[in-house]
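Trainee: Sequence:
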Amino acid sequence: MKTLFVDTFYWVALINVADSWHQSVRDYSRNLNNIKLVTTEEVLIETINFFASFPSPMKKAVFQLITQVLADQNITVIPQSHQSFTAGLELFSQRFDKGYSLTDCISMVTMNQLNITEVLTHDKHFQQEGFIILFKQS
211 MKTLFVDTFY
221 WVALINVADS
231 WHQSVRDYSR
241 NLNNIKLVTT
251 EEVLIETINF
261 FASFPSPMKK
271 AVFQLITQVL
281 ADQNITVIPQ
291 SHQSFTAGLE
301 LFSQRFDKGY
311 SLTDCISMVT
321 MNQLNITEVL
331 THDKHFQQEG
341 FIILFKQS
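Under our numbering, the first residue of the sequence shown is numbered 211, with each subsequent residue one higher.
Calculated from the structure, these hints are not laboratory results. All the given hints hold, so there is nothing to weed out.
Estimated spans, in silico, between C-beta atoms of each pair: (1) 295 - 337: 20 to 26 Å; (2) 232 - 291: 28 to 34 Å; (3) 340 - 262: 29 to 35 Å; (4) 234 - 278: 16 to 22 Å; (5) 337 - 271: 28 to 34 Å.
Within a straight-line C-alpha distance of at most 27 Å, the following computed BS3-like cross-link-like pairs (lysine-lysine) qualify: (6) 212 - 346; (7) 346 - 246; (8) 334 - 212; (9) 334 - 246; (10) 334 - 346; (11) 212 - 246; (12) 334 - 308; (13) 346 - 308; (14) 270 - 246.
Just so you know, even glycine gets a beta-carbon here, dropped at the ideal spot from N, CA and C.
With the sequences and hints as input, model every part of the structure.
Mentor: Dropping the structure here:
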């Protein structure tokens, strides 16, 4: 079974109708049969934090999304740990010339550990690290 990593970009675009990628992500999400999804607790935290200044209905929507993700048997959520934090911090320290967030670095380390090569994102930082991004600017 094919495995894809899910970045914050995907979760945000999935529920935010104002996001320019919303329709593309919704369309793609309909074709995820027989595909295993992996994300991290750090990505889910970043997703919630993205909506911190949004009105209550969007906060409720992101809460419901995260609850569904955690309950979905086809989505593996890797728990945060001191080890994931320090491994991500190490990669971050090696990429001061890049615009990587710590969450991106933790995601990249996780993807390498799990041999995942494709990521549901448009973030070119993943491409810079050799991963295949599945949403590209046209």
